[in-house]
Amino acid sequence: MFHRRSMLKWISGALGTASAAVVTLPGGHFLAEALRARRSKAIVQRVARLRDLSPGRPLQVAVVGSRRDAWTLYPEEVIGRVWLVRQPDEADERIGPPPSVAAFTAVCPHLGCTLQLAQPGGQFVCPCHRAEFALDGAPLAEPGRKSHAPRGMDALDCRLVRDSDDDDWWVEVTYEKFEQGLTNKVSKA
Amino acid sequence: MIGQFLNWLDARTDYRALLLPLRRRVLPNGPSWWFTSASCLLWVFVIQLVTGLLLMTTYSPSTTSAWASVHYIEQSPSGAFVRGLHYFASNALIVLFVVHVARVLLSGAFRPPRELIWITGLLLMPLVIAWAVTGNPLSASQKGTAQIEVEANILGSTPVVGPALRRLLLGGDEVGHLTLTHLYFLHVALLPLLGIVLLAVHLQQVYRHGLAATRWAESGRARPYWPYQSARNATVLAVVVTVLVTLAWRFGAPLEAPADPNLTIQPRPEWYFRCLFELRRYFTGDWEFVATLVLPLAVLSFFVAIPLFDRVCSAKMGVVARVFVVVASLGAWGWLTWTSYARDWHDPDYLAGQDEAAGWTRRARLLADRGQIPPDGAAALLRDDAQVQGPILFAQHCASCHSHADAAGKGIVAAEPSAPNLYGFATFEWIAGMLDPAAVGGPNYFGHTKFADGDMVSHIRGLFADVGGDEADELRAQVRRVAATLAAEAALPVRREVDRRETEAIAAGAALLTGKLGCADCHMFHDQGELGSAPDLTGYGSRDWLLGMIANPRDERFYGPEHNDRMPSFSQGGHALLNSRELGLLVDWLRCDWHDTVPSSDTGASPSVGR
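These protein sequence lines are chains A and B, in that order. For the first sequence, our numbering begins at 819 and goes up steadily by one. For the second sequence, our numbering begins at 298 and goes up steadily by one.
Some hints here could point you the wrong way.
[Claimed, not checked] Here are the in silico distance ranges between beta carbons for each label pair:
(1) B:G668 to A:D986: 24 to 34 Å
(2) B:C610 to A:T890: 52 to 62 Å
(3) B:E771 to A:Q941: 55 to 65 Å
[As the list claims (entries may be wrong)] Only part of the chain B face toward chain A is listed, based on derived beta-carbon distances under 7 Å:
(4) T310
(5) A314
(6) V447
(7) N450
(8) S454
(9) A461
(10) R464
(11) G468
(12) D470
(13) G473
(14) H474
(15) L475
(16) T561
(17) T581
These are computed hints drawn from the structure, not numbers from a lab. Note that this is a predicted model, so its numbers are computed, not measured. From the three backbone atoms N, C-alpha and C, an ideal C-beta is built for every residue, glycine too.
One chain only, chain A, in its complex shape (with noise of 0.2 Å):
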C-alpha cells in the first residue's frame, strides 16, 4: 500500500513537471531569439570625393546598405552617419602626397544619439546631453566637471582612393558599430 501511495505521488510530479517542461523550454527558446546577440558586419564604402571636403570643416555623409529589421527587409537605407574631417594641409594634392583625412562614426560613445557639429562649427557636440569633442573626437571637458563621454569619438578606419574612371581621389571608410557606454573602443562586428 505504501509502495502504491509513493508510486503515485512519483508519476504525479513527473508527469506535472514533463508537462510543464513541454510548453516552457521550447517557450525559453523562442525568449532567448531575442537576447541572442546579433554581430553587425563592417562595410567598406566610398563615402566622399576629396575634392568635396575644406581642409577644418567637417561633413556628415551617409552609409548606405541593406538593413534587416526582423521581418522587413529595406535594401538600400541609411545605415550610419560618418563625420570626414579634412586634416588642414598644405600640400597640393596633384603633386604631393594626398591630404590625410579622419572619419568618425556618429554615434556618441556615451548612449548613442547622433553627434552634430556645434555652430559655429569648431567641435562636435552630442544633442541629448551635451557631451562635446574636439574635431580631432578627443572628448572635451566641461569647466569643472569631466565630459559625459566615457570616450572620445569612434574612429573609423578610412583611406584615400583614386577612382580609375574620373581619376578622383575619394574617401573610402570602414564602418563599424561599438558598443556605448564604455572606456574602450568595443567592436560590434
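For chain A, the structure is supplied; the task is to place chain B on it using the hints.
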C-alpha cells in the same frame, strides 16, 4: 425582479457574506479628506485599464503601422479624447502616487502589521513608471523613439545584466519592429499582470488590517466607511476626473512627427525623469552609474526600509523625521526638475531645435491628415517630402558654395558663398535679376564665380551700355519679356496661373531671346542655337533640366567639361553623392514643388514666389 435575481445569486455564491465586512467597515476616527488618495489612485488605474483596452482595438505595433494607427485613433470619433484621457491619466497616476505615499508616510500607516501594504505600494511606483516608459514610445514618434533608445542604453550600461535587459526591451540590438512588439507586450500584458498581483496583495492586506481595528470605537467621531468616507472619495475623484477630461478635451495627447533617423532631435525625458536627467550632470564619466542606478535604488530601498527606522525612533522624533523626509524629497525633486527645465529654456540651440521639430510635427500631421500615409508607413511622409528634406539636403550638399536666402538674408547662408544664391531659382524675379546689368555680376549671381567677368556678364552689361531714356525703358521691358519666357520654361507650380495668362508676353520674349537680344548666339533654345558654349535654355529651370544640371554640370547640355566652374557632379558614374530620390527632393524643393504648392508661412526656408 432584480431582487429575486440577487437572492438567487446570493444563495449560490454567498456574496453578501463576503461583502459584509466592507459594508460594515468603520473608521474609528471618522472620515477624512486625507484618506481619499487611495481610492482616487485606484479609480484612475481603472480609467487607464478601460481607455487602454479601447486603444488596443485600433493600435498596431510595428514600425510601419504604429504611428499611422495612432494617427488613425486621433482622427476617429472621440479617439483623440480617449487617447488624451489615457495620456493625462498616466501622468495623474504618478502625481497621485506621490501624494498617496506622502500621506501614508505622514500618517504612519506603514507601521506593523502593515509592512506588506507599504512594500507592495512602493513597488507599484517603479511599475507605474515602467508603464509610462513602455507606453510613450508606442506611437513610434520621433520623441518617443529617441527616449526609448536612450533609456535602453542607460539600462544597457547596468553591470552584468544590462546588455540582456537592453535587448529584451528593444527586441534586439536596434530599435525596430520587435521593439514595438516587446514594448507593447510589456505595456499591455506583463506590467498589468504584475500590477494586478501587487495590487491584489496590497488590497488584501488593506482589507485585512484595516478591518482588524474596525469595531465601533468609543470615540464619538467613529463613522461607517459607507457612505461617510465614500462621499469624500467620490468628491475628490470627480475633481480629478474633471481636470483629466478638461485636459484631454482641450489639449489631447501629443503626437510628434514619426521617427526618422535622418531628422535629428534633441531628446529630453518626460517630466518625472527630469530629476535623474539633471542629476547625471553631477555624475559624469565613470560615476554616471551613481545617478542612473545607485541613487534611484538607494532612494527606493530607503523608503522600503522606513518601517525599520521607525521602530528605533521615539514617537516625537519619528514625526519630525517623516515630515523632513517628505519635504526634503519633494524639495530635491522639485529643485532638480526646475534646474533642468530652466537650463533648456535658456539654451537657444535647444529652443531652435524644438522649433524645428515642432515644424516637422506640423508637417507630418498635415500630410497624414490628408490621408497620404503610404504602404511603407508614416516615416515615408517626411522622408519623401521636399519641403522637409530640401533644406537638409541643400545644407549638406550645396551650402558650402550656394546660399538659399531671401533679400533679408533669411534662409541658408553659405559660409563662403562662391556660387549664385538659389533662393527663388528660375522664378521670374530671379531670372530678371540675372538679366539686370547691376546684379548679374553681383554676389547673388556670378560675382563669386569664374564667370564674374565672363561672356554672360559682359553681354548683359553691353546690352545696356549705350542706351538711355526711353530706349533703356524699352530694353528693360524687352528683358522682362525674356524673363517671363524663361520662367515659363521652368513651369514652376507657383507660376502656373501667370504662365497661362501671359502667353503673348511669353511668345514675344521667345522671339527677342532668339533674335534681337542675341541669347541664342551662345545658348541653345529649342531649335535655335547650339550646345557647347553655355547652358541649354530649353526647359530652363524645369524639373528635368535641374535634375540633369545637378547630376552632371559637365554635360554638354549645361556647362560642358571646359566651362564648368567648381560644381561637382552629384549623380554620375558609380558613386553618386545624391541618389535619385534625394536628387528629386532637392530639385522639388528648389522649385517649391511639393504636395501643397502654396508655400506656408511657418517654414522660414521656403521662398514665397509670386509675380
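Please write out, lowest number first, the hints stated earlier that are contradicted by the structure. Per hint list: 1, 4 and 5 violated.
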